[in-house]
Amino acid sequence: MNTFRQRIRESIDNESLQTALDNNTERRLKGRAIAFQSIPNLEERRKWAHAIRADVVEHLDKYLEQFVAKNEENGVIVHRAKDAAEAVKLVLEITQHAARTTHKPLVAKSKSMVSEEIELNHALEKEGIEVIETDLGEYIVQLRHERPSHIITPAAHLKKEQVAELFHEKLGIPYTVDIPTLTATARKVLRQVFLTADVGLSGVNFGVAETGAMCIVTNEGNARMVTTLPPVHIALMGMERLVPNLNDLSLMLSLLPRSATGQKLTVYTQLLHKPFPNQQRHLVLLDNGRSRLRNSPLKESLYCIRCGACLNACPVFRELSGHAYIGSDLSIAPYPGPIGSVISPGLLGGNYIQLAQASSLCGACKDVCPVDIDLPKLLTRVRAGMAAVDDESGTEGAGLSSPTKLFLRIFARAASHPWLFALSQKFASLGTFLLSPRSGWVRMPAFTGWGYSKDFPRFAGKTFRERYRGSSKAGNRETENRPKAQPASAHVNTFPLSDIQFAAELTALGGQVRTVQNPTLAALELLNARDVKKIHLEPNTLDEELLRAAGIEFTQEADPQIQVGVTKALCGLADTGSVLVADGKGDPLKASLLPEVHIVILRAADIYPSLSDAINLVKNKAAAVFITGPSRTADIEMTLTIGVHGPKEIHVFLT
Amino acid sequence: MTTVQLFVTCLIDSFFPQTGEAVVDILNRLGISVGFPREQTCCGQPTFNAGLRKDARAIAEHTIKVFEKTEGDVVTPSGSCAHMFRHNYPELFEDDPVWLPRAQALAARTYEFTEYLVDRLGVTNLGAKWHGRLTYHSSCHTLRGIHVDRQPRALLSNVQGAILVELPHADECCGFGGIMSVEHPELSAEWLKRKISNFESTQSPTLVVTDAGCLMHIAGGLHRTGKTQSVMHIAEILNQQK
Chain A
900 MNTFRQRIRE SIDNESLQTA LDNNTERRLK GRAIAFQSIP NLEERRKWAH AIRADVVEHL
960 DKYLEQFVAK NEENGVIVHR AKDAAEAVKL VLEITQHAAR TTHKPLVAKS KSMVSEEIEL
1020 NHALEKEGIE VIETDLGEYI VQLRHERPSH IITPAAHLKK EQVAELFHEK LGIPYTVDIP
1080 TLTATARKVL RQVFLTADVG LSGVNFGVAE TGAMCIVTNE GNARMVTTLP PVHIALMGME
1140 RLVPNLNDLS LMLSLLPRSA TGQKLTVYTQ LLHKPFPNQQ RHLVLLDNGR SRLRNSPLKE
1200 SLYCIRCGAC LNACPVFREL SGHAYIGSDL SIAPYPGPIG SVISPGLLGG NYIQLAQASS
1260 LCGACKDVCP VDIDLPKLLT RVRAGMAAVD DESGTEGAGL SSPTKLFLRI FARAASHPWL
1320 FALSQKFASL GTFLLSPRSG WVRMPAFTGW GYSKDFPRFA GKTFRERYRG SSKAGNRETE
1380 NRPKAQPASA HVNTFPLSDI QFAAELTALG GQVRTVQNPT LAALELLNAR DVKKIHLEPN
1440 TLDEELLRAA GIEFTQEADP QIQVGVTKAL CGLADTGSVL VADGKGDPLK ASLLPEVHIV
1500 ILRAADIYPS LSDAINLVKN KAAAVFITGP SRTADIEMTL TIGVHGPKEI HVFLT
Chain B
5 MTTVQLFVTC LIDSFFPQTG EAVVDILNRL GISVGFPREQ TCCGQPTFNA GLRKDARAIA
65 EHTIKVFEKT EGDVVTPSGS CAHMFRHNYP ELFEDDPVWL PRAQALAART YEFTEYLVDR
125 LGVTNLGAKW HGRLTYHSSC HTLRGIHVDR QPRALLSNVQ GAILVELPHA DECCGFGGIM
185 SVEHPELSAE WLKRKISNFE STQSPTLVVT DAGCLMHIAG GLHRTGKTQS VMHIAEILNQ
245 QK
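Just so you know, the sequences run in chain order A and B. Per my numbering, the first sequence starts with residue 900, numbered consecutively. Per my numbering, the second sequence starts with residue 5, numbered consecutively.
It is possible that some hints are incorrect.
What the hints assert, rightly or not - Calculated lysine-lysine pairs in the DSBU-like style (CA-CA distance at most 35 Å, straight line):
hint	chain 1	residue 1	chain 2	residue 2
1	B	K231	A	K1547
2	A	K1547	A	K1059
3	A	K1361	B	K69
4	A	K961	A	K1173
5	A	K1265	A	K961
6	A	K1265	B	K197
7	A	K961	A	K946
8	B	K133	A	K1361
9	A	K929	B	K197
10	A	K1265	B	K69
11	B	K246	A	K1361
12	A	K981	A	K946
13	A	K1058	A	K1003
14	A	K969	A	K929
15	A	K1276	B	K69
16	A	K981	A	K1025
17	A	K1276	B	K197
18	A	K1304	B	K246
19	A	K1059	A	K1087
20	A	K1173	A	K1433
21	B	K231	A	K1361
22	A	K1304	B	K73
23	A	K1025	A	K1003
24	A	K946	A	K988
25	B	K58	A	K1198
26	B	K58	A	K1304
27	A	K1058	B	K197
28	A	K1059	B	K197
29	A	K1173	A	K1003
No lab work stands behind these hints, which were simulated from the structure alone.
Construct the entire structure; sequences and hints are all you get.
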């Protein structure tokens, strides 16, 4: 038995892994289904999203040129890397250059699957650079010296007891399985990392060709930290991850979080145009096989937006988790699940070709894909040798075991010749009767594969073709050929534009919403109740005279010691309970990120129905973020925990 | 009089001929004459799914030629083979200007058995009778490959005396997947276990399927573990007249 099959057996036999995976699957699928009830026309959206991604991949050169030009105009330093080695070298050089002192350079990293693909951490560490993952799940797997087991929830394979032991051992805290305590510990440790890192490194969810925006979504707030606090930010991006404009982006954002985590919108949806003052920003665009994939029959795999829904829906992934998707060199494939079984061999070749054969082609992946990628078709193409990266991935029956291949070749010969086929049936029938004269079933040994868990039916004594004597006389009844009427068109929801909906959505996420006459008085009430004397305040937001009179000190400078930040919101979104905060005087982006409590002043008149109505407000902003509730994570046992890296509380004062 | 051509499928031909006969009986009772081109073999799906496209093309060319000599719709009691004709044959000949139109012509006249009854003939009640519980497993290629699900369910809902019980996670794969069940028996075994346990939870003695692949897989698993429940092709249920 090959090692891949051994690894599969180990996964299946690992009880705690199986429990974790079952929980992950059930909750994710349910969460996704519920999330999609809140938007109309899912099927139309999927087709539309498919068309947008198809257009981007078809005209990638044009969109890339536009995206790069806009970024350069925005003051971003753009690099192109043709392969993993080039990308690693670029990041290394930028980091070494950025290191401020003689201490060991420190890179604070938020989730990036591309960095897994190019094995960046390992390469940087080898050069004496310290790399710390800051997504809670990634941090956990890094402490365990593992790779992520899922592209969205990296620690989906672990139970809380394992995390408790890990934190006890590595971070020196008393053993506890209390998930909020574990999360708070990570917050404390990682806050220091954000504040002292030389370089912040992030992935990019979407690049917007029209404006050059990099869209990055996270729930915990770690991507906001690494893109905001360190003096140098490196954004690492697969070159195909573009959308033409902001409207297209809003469509993608209606699909991505719902598919990935069952959220209507991720807590922090960042749009970065220009670097912050005193910050240098680099964008590394990675090819690493994407150009070749684009010119191959596997092109459609480049439409992927990395939501992970196909992993959750896949019965193979449900048994395996990401760690069992291994190559023939035993290395773990960077991308697991159905999409991984296409692009891991598609990008990296024959080493991962065996993954594509581990599928029943059941199609559950295609059904949940938000951009409607025909994954079963792509899997059969990989099997047909169309990855064609090297000899192994370029032959028909790629990844198939030799006995099966031989059997199928003989079978094909028979099936193209009816007399040979009928003869084979005769022999097979005779054979199974000899093996099992008394039962309709044959017990085969386990090594045959089939015999591992089931019996094989005995061939019929007489086949259908032998028994068939022609159609009996048909009745006299005339039958009309009438196709049935099409089902009624999709039900369309309409959404009321209202502050009530906004309040309901945000409250459901754990935020607070109040309609206030005087926001300064309301803020004072909150500050007094908590005995807070100093706040980070965006100018022209509260009545500064009144604050002074009440003895509250305020500053426009970010300060990690401050517990409350107060900002305005450019707008609110009714259907998700989000507020938009943009870069400006007094550093509102940091005021909405570093403190534990964020107070937002929002005019009720500025509430839009949905993201698609408001997305163009960010067009001329250096940077902006849609904030949807308090910072949160579900990285440990999918248990929702509030307040990871960003604020634990968000209070919206409606005026 | 309407004539259809039966593509009986290699599994039914070889293992379950009585299912093919039930299909013929039902169609005959509806006044449809059924042709059976005897040169038919297998649709070629095992080779196609394995990635052996050259071999799959040889079988597909043979099958296309066999049915080109006939007239009328092609009816097959398998969502999986219908999916093969409809989607995979055109994929196989994508770059072949000679064979692509011939493949598309076959695809256009092919119907899965229950799809043919409900969508093409407009029949949902066949006057079938049953006693006791039945539960329905949605075969992957029937459900997600050719989007046929309401048709078999409508037909079953009109079986007199049958108590239909919903199978939990009816849409999950049973773990057959053709050669996957041999290439990855460990995976296949896990899904089979889950399918059987969901089946048992319905307390129905009979599981209904639209595909002989799922049938031989689930029934083989039941037999191996000494269980007495049975798996039946929908055609045999619908053909019960007393």
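Structure-based check of all given hints:
1. K231(B) / K1547(A): Not OK: K231(B) and K1547(A) at ~54 Å, beyond 35 Å, violated.
2. K1547(A) / K1059(A): The hint holds at about 22 Å.
3. K1361(A) / K69(B): holds (26 Å)
4. K961(A) / K1173(A): holds (22 Å)
5. K1265(A) / K961(A): holds (29 Å)
6. K1265(A) / K197(B): holds (24 Å)
7. K961(A) / K946(A): Holds. K961(A) to K946(A) sits at ~23 Å (cutoff 35 Å).
8. K133(B) / K1361(A): Roughly 28 Å separates the two Cα atoms, so the pair holds.
9. K929(A) / K197(B): holds (22 Å)
10. K1265(A) / K69(B): Judged against 35 Å, a Cα distance of about 32 Å means the pair holds.
11. K246(B) / K1361(A): holds (26 Å)
12. K981(A) / K946(A): Holds, because 31 Å separates the two Cα atoms, which is no more than 35 Å.
13. K1058(A) / K1003(A): Given that 35 Å is the threshold and the Cα spacing comes to 33 Å, the pair holds.
14. K969(A) / K929(A): violated (40 Å)
15. K1276(A) / K69(B): At roughly 25 Å apart (the allowed maximum being 35 Å), K69(B) and K1276(A) satisfy the hint.
16. K981(A) / K1025(A): holds (22 Å)
17. K1276(A) / K197(B): Judged against 35 Å, a Cα distance of about 27 Å means the pair holds.
18. K1304(A) / K246(B): violated (46 Å)
19. K1059(A) / K1087(A): holds (19 Å)
20. K1173(A) / K1433(A): holds (30 Å)
21. K231(B) / K1361(A): holds (27 Å)
22. K1304(A) / K73(B): holds (32 Å)
23. K1025(A) / K1003(A): Distance of about 12 Å is within 35 Å: holds.
24. K946(A) / K988(A): violated (39 Å)
25. K58(B) / K1198(A): holds (22 Å)
26. K58(B) / K1304(A): holds (13 Å)
27. K1058(A) / K197(B): It holds: about 24 Å lies between the C-alpha atoms, which stays within 35 Å.
28. K1059(A) / K197(B): holds (28 Å)
29. K1173(A) / K1003(A): Holds. K1173(A) to K1003(A) sits at ~28 Å (cutoff 35 Å).
When each numbered hint is compared with the structure, violations occur for hints 1, 14, 18 and 24.
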